[in-house]
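With the working numbering, letter number 114 in the sequence shown gets 114, and the count goes up by one each step, no holes.
By construction, these hints were calculated from the structure, which means they are not laboratory data.
Idealized CB from N, CA, C, for every residue including glycine.
Be aware that one or more of the hints could be misleading.
[Claimed, not checked] Restraint ranges, calculated between C-beta atoms of paired labels, are given here:
1) L35 <-> I57: 29 to 39 Å
2) T71 <-> W3: 43 to 53 Å
3) E66 <-> R22: 50 to 60 Å
4) G70 <-> L35: 54 to 64 Å
5) W3 <-> L39: 14 to 24 Å
6) I74 <-> F8: 39 to 49 Å
7) G27 <-> I5: 22 to 32 Å
8) E58 <-> S32: 51 to 61 Å
[As the list claims (entries may be wrong)] Cut-off 25 Å, straight-line C-alpha distance, at most; resulting in silico cross-link-like pairs (DMTMM-like, lysine to aspartate or glutamate):
9) K72 <-> E60
10) K50 <-> E60
11) K72 <-> E56
12) K72 <-> E58
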Amino acid sequence: MLWQIPFFIIIINGAVIISAFRYLEAGVIRASLILVSALISYALFIAIVKHHYYYEIELETLNRIEDELGTKRIKRKTFTNDNNKYWVLEPPQEPIPSLFTKFFRFFEIQSSHIALLIG
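Kindly produce the complete structure, drawing on both the sequences and the hints.
The structure is reproduced here in structure tokens:
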């Protein structure tokens, strides 16, 4: 599931930061641990973007199959203001929506790691 990857990012980064600042005194080891944590976070971030992209593709594929069969669409997304409608009537406009925003958030997290390392 898509929500599990950010959970793993939080758990891994939390464990690395705790171990780096609580148990280790050497600055080089501390810096290398935070660098490894940043690389793992970056790899998992790419996995999130790819999973979300393929989720949108599969969602549109299922919608097209339902249209070809002439069946009623299955509700796949839930929003409180549209309880009786079926969503995703058109394919995604961008291949990867709001990629800049996701990269900005990722680098914001990594800059906090660097701030912890320096401070």
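Results for each hint:
1. L35 <-> I57: 29 to 39 Å: 34 Å, holds
2. T71 <-> W3: 43 to 53 Å: 28 Å Cβ-Cβ, so the 43 to 53 Å window is violated.
3. E66 <-> R22: 50 to 60 Å: For E66 and R22 the Cβ distance comes to about 53 Å; the hint holds.
4. G70 <-> L35: 54 to 64 Å: With Cβ atoms ~55 Å apart, the hint holds.
5. W3 <-> L39: 14 to 24 Å: Given range 14 to 24 Å: holds, Cβ gap about 22 Å.
6. I74 <-> F8: 39 to 49 Å: Hint violated: Cβ distance 29 Å, outside 39 to 49 Å.
7. G27 <-> I5: 22 to 32 Å: 30 Å, holds
8. E58 <-> S32: 51 to 61 Å: 39 Å, violated
9. K72 <-> E60: 14 Å, holds
10. K50 <-> E60: This hinted pair holds, its Cα atoms lying about 16 Å apart.
11. K72 <-> E56: Measuring from Cα to Cα gives roughly 19 Å; hence the hint holds.
12. K72 <-> E58: Roughly 17 Å separates the two Cα atoms, so the pair holds.
Checked against the numbered hints above, the structure breaks hints 2, 6, 8 and satisfies the rest.
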